[in-house]
Amino acid sequence: NAGVTQTPKFQVLKTGQSMTLQCAQDMNHEYMSWYRQDPGMGLRLIHYSVGAGITDQGEVPNGYNVSRSTTEDFPLRLLSAAPSQTSVYFCASSLTLAGGNEQFFGPGTRLTVL
Amino acid sequence: KQEVTQIPAALSVPEGENLVLNCSFTDSAIYNLQWFRQDPGKGLTSLLLIQSSQREQTSGRLNASLDKSSGRSTLYIAASQPGDSATYLCAVGYTGANSKLTFGKGITLSVRP
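If you read the protein sequences in the order shown, they are chains Z and W.
Quick note on numbering: my numbering labels position 104 of the first sequence as 1166, and the sequence is numbered without any gaps.
Quick note on numbering: my numbering labels position 21 of the second sequence as 61, and the sequence is numbered without any gaps.
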């Protein structure tokens, strides 16, 4: 098993550009989520999905879109990048609901918005 | 709003010392609690998961305990080594239809040779 994979590992964007962060898991997990990690702020939930076709907002959803067309993939789209979105982004998955199961994390995408 | 607190934010100990990392949470209606390790520039690695019905879990030199009534968990590291240097985060899982994890901000541990 590859576990949770994320691409790219690093990305630099200019303000206003759009891009998609990719996340995939091969463990047949129903629950997937995106977090951002910032110094002094800890991990904050952006969006999550409890299964294919179902997504919902987390704590800091503004400026981000998600979709879940398959169980395996959960891409995160930045619509119009802003410097405030400079952060490290982590994708995570678990068998079912986040609160009830062990979470597995990807290696992260380090994003800089100039 | 559920809050998870980890104090202190940083800790430095000499090699070989037994140490305890603390995690406290405000809402005792938890489903489980998970301890993670994060190395600089890396993702989170799950260390131990304690279900709400359990009191503790052990893996090698690590032992995690859970006391729901007092809203506390501890991660005990025996005979610390320089390789244990990392940031340790606890995350609390809550019940409910939209159950999510609430993370502490982590404790950065440095083990001096």
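None of these hints come from the bench; they were simulated from the model.
Even glycine gets a Cβ: it sits at the ideal position worked out from N, Cα and C.
Check each hint, because a few of them may be wrong.
[Stated by the list, open to error] Which bits of chain Z does chain W cover? Going by a derived footprint, with three or more residues having C-beta under 8 Å, they are: (1) 1070-1076; (2) 1101-1113.
[What the hints assert, rightly or not] Just so you have them, the derived chain Z footprint on chain W, three or more residues with Cβ under 8 Å: (3) 108-121; (4) 143-149.
(request) Count residues of the region 108-121 of chain W with a Cβ under 8 Å from any Cβ of chain Z, then say if the count reaches three. (result) violated (count 0)
(request) Confirm or reject the coverage of the region 1070-1076 of chain Z by chain W under the rule of 3 or more residues with a beta carbon closer than 8 Å to the chain's beta carbons. (result) violated (count 0)
(message) Quick check: do three or more residues in the region 1101-1113 of chain Z have a beta carbon closer than 8 Å to a beta carbon of chain W?
(response) holds (count 6)
(request) With a C-beta cutoff of 8 Å, work out whether three or more residues of the region 143-149 of chain W approach chain Z closely enough for the coverage to hold. (result) holds (count 4)
Hint compliance for this structure: hints 1 and 3 are not met, and every other hint is.
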